[in-house]
Amino acid sequence: MSEPIRVIKSRTVVLAVDNVDTDQIIPARFLVTTTSSGMGKALFADWRYGTEGRPKPDFALNRPEAAGARVLVTGRNFGCGSSREHAVWALRDHGFQAVVSASFADIFRNNALKNGLLPVTVEPAAHAALLAAPGAEVTIDLAERSLEIAGGTRATFPIDPFARYCLMNGVDELAFLLSRENAIAAHEGAAGPLPWRFQ
Amino acid sequence: MREGPRTLLDKVWQAHVVAPATEDTPAVLYIDLHLIHEVTSPQAFALLRERGLRVRCPGRTFATMDHAIPTRPGTWGGRAAAEGAAADQIRALEGNCRDFGIRLYPVGSDRQGIVHVIGPELGLTQPGLTVVCGDSHTSTHGAFGTLAFGIGTSEVGHVLATQCLLQHKPKSLAVEVDGRLAEGVTAKDLILGLIARIGTAGATGHAIEYRGPAVRALSMEERMTVCNMSIEAGARAGMVAPDETTFEYLRGRPFSPAGADWDAAVGRWRRLPTDEGAAFDRVERFDASSLEPMITYGTSPGMGVPIRGVVPDPAGNPGVDKALRYMGLRPGQPLLGQPIDVVFIGSCTNSRLSDLREAARVFAGRKVAPNVRALVVPGSQQVKKQAEAEGLDRVFREAGAEWRESGCSMCLAMNDDKLQPGQYAVSTSNRNFEGRQGTGGRTFLASPLTAAAAAVTGRIADARELLR
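As given, the protein sequences belong to chains A and S, one line each in that order. Under the numbering used here, the first sequence has 62 at position 62, and the numbering climbs by one with no breaks. Under the numbering used here, the second sequence has 20 at position 20, and the numbering climbs by one with no breaks.
Wrong hints could be hidden among the right ones.
[Claimed, not checked] Partial chain S-side listing against chain A, Cβ under 10 Å, derived:
1. P42
2. R51
3. R60
4. T153
5. T162
[To be verified] A short, non-exhaustive set of chain A residues, derived as facing chain S with CB atoms under 8 Å:
6. S10
7. N19
8. D21
9. L31
10. T33
11. D46
12. D106
13. N111
14. T121
15. A129
16. F162
17. A183
18. I184
19. H187
20. G192
[Claimed, not checked] Across the chosen pairs, the derived CB separations fall in these ranges:
21. R325/S to S37/A: 30 to 40 Å
22. G192/A to N371/S: 57 to 67 Å
23. P4/A to E50/S: 16 to 26 Å
Note that these hints are calculated values from the structure, not bench results. None of these values were measured; they are calculated from a predicted model. Built from N, CA and C at the ideal position, the CB exists for glycine as well.
Generate the whole structure from the sequences, applying the supplied hints.
Following this line, the structure appears as structure tokens:
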């Protein structure tokens, strides 16, 4: 469960790289944990920090104007690769509430929607406008499914209606699945015994 | 609904719909087989505990340890020698499996191994099932005509609690592979060639069905290699229709049906292949006969070229430019002859017995080149045992390669098996992302043959020349 999301108003941070994989978002060595908290410090660790853990001043997230920004604008096919939900946990823990791109990898999008991180897929023109304007003030309205750049472009974005309902109400899918108990039991009854010979 | 010819995907999907999609909600899809491991499951069990939920069907979830465990020879002694947080993950998995009644193949078990190696090996992965795991390479199991896909940890929790997931049906993509792979060209080259062609987002939103004579001619282990890397083309899943090759592989496995149950199962499995005339959302055609051994040059699995090719010019593509700078390669430079430091033979892509046999063909009677470290990491304890029974371990050791315990190892550098900054590796794994095999490490993805050829020559080499 997370806080309901209606409107996100924030400056953007732009990471103009295509095919950012989840190993970049959070390298595997930070996955050796049994919790999901405190991962923000590992976000983009290998791009963000130099030797001895010093922040690289030219990396987008380290610039002074990036402080407090809650919207990340990135290149195409964001979140490809590993299914690690830790990537989403790290983005959320860092403070991001939305990631805007021209496209997302499937598993990343699913994971984001389950953690109150809004994946916003915009058309190429709006994407180009956002990439060209780091630090732009944007308003993302989930009810309207719209993204507006202050004083400029307005774009709409698609989102699965059920995921939108969950995000806007701060509820998760599990309660819905649990409420389908009768249908699940009926399916199991019809499907018969487990398909395996147990030893 | 009109009952017309159906695809393999249609059939598996329809048989698992608990509640159909509506305008407001995705379909509720039943999951037959759930595989878990130590890295992506602890937070899911924490969710169950937090909400006071039980595991709905403990008999449908199977656990092993593979991602973060050490693979150093002789360190196991029946128990994981993992330290610190990795040991916490292992203890958490043991505790969760005990508390919730889930069967676990821990370190020390002769059935332990990489989750995508042991599922098929045990006969758990059977045609027509839905299979999920908190790991993107779950697509591997599609080689058996399952619908198998990777999920995040929240969804691991959903499956534990309800045995179901909310899902939209993926679109279907037929990859028709004509011809036949030439000698020295492997299933790994086939999938690297396909990804180089369609790109790492080329199949996003789709389940691929691999079809055609070249696919039918593949062994089950080769089909697993192909399906494994479907995710690297962005696909949700990869599938191959079951046939005699599939049935032969499954016959007599520990969890495979037996006797009358076996006959009944095979009868059901024979009805799974795509019907004549069924329509796919998209079709890609591919000729296996003209394929060469492939190798990647960049930091995305789609950046692959034939091994006798050259590093391409970025031609204004900032992604390729960035990749070449990371890799320290120049446009126009041949891949052949590029010096390397490490060779990794293993991972859920290429750690099965046939992969090790292929590598051993190259290692036999040769030595690992000076200053090269070669690791051979079997995919499971069963693979290790079989390889040792055939003497493959001796071939590797006599060549100077390390013969290790089973696990994910240097595929993702969660344990001590890591590249040092700047090192070059030829790896049979599935991802060449920046730092994937260790911070600053640089990866060339290739087949076991190509990897072994690199190990014995110290450079990127064409294994076909060594095998002539």
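Open item on the list: Tell me if the interface restraint on H187/A is satisfied: Cβ within less than 8 Å of some Cβ in chain S.
Closed with: Since the shortest Cβ distance to chain S is 5 Å, the answer is holds.
Does the closest beta carbon of chain S sit nearer than 8 Å to the beta carbon of N111/A? Status holds, d = 4 Å.
_Given T162/S as an interface hint, is its Cβ closer than 10 Å to any Cβ of chain A?_
T162/S check passes; min Cβ-Cβ to chain A is 4 Å, inside 10 Å.
Quiz prompt | Status of the hint placing P42/S at chain A (closest C-beta pair under 10 Å) | solution = 4 Å, holds
| field | Per-residue hint verdict: N19/A, partner chain S, C-beta under 8 Å | value | Nearest chain S Cβ about 5 Å off; hint holds.
Can we keep the R60/S interface hint, with Cβ of chain A closer than 10 Å? 7 Å, holds
| request: Return the status of the interface hint for A129/A: holds when the least beta-carbon distance to chain S is below 8 Å, violated otherwise. | output: 18 Å, violated
* Does the CB of F162/A sit less than 8 Å away from some CB of chain S? -> Holds - the Cβ of F162/A comes within 8 Å of chain S, reaching about 5 Å at its closest.
| message | Verify the CB-CB distance for P4/A and E50/S against the hinted window 16 to 26 Å. | response | 20 Å, holds
Does the nearest C-beta of chain S fall within a distance shorter than 8 Å of the C-beta of G192/A? For G192/A, the interface hint is violated, since the closest Cβ of chain S sits about 11 Å away, which is over 8 Å.
Please check whether R51/S passes as an interface residue: C-beta within 10 Å of a C-beta belonging to chain A. Because about 8 Å separates R51/S from the closest Cβ in chain A, which is inside the 10 Å limit, the hint holds.
Hint check: is the beta carbon of D106/A less than 8 Å from a beta carbon of chain S? This hint holds: D106/A lies near chain S, its Cβ roughly 5 Å from the closest one there, short of 8 Å.
Hints 6, 14, 15 and 20 from the earlier list are contradicted by this structure; the remaining hints agree with it.
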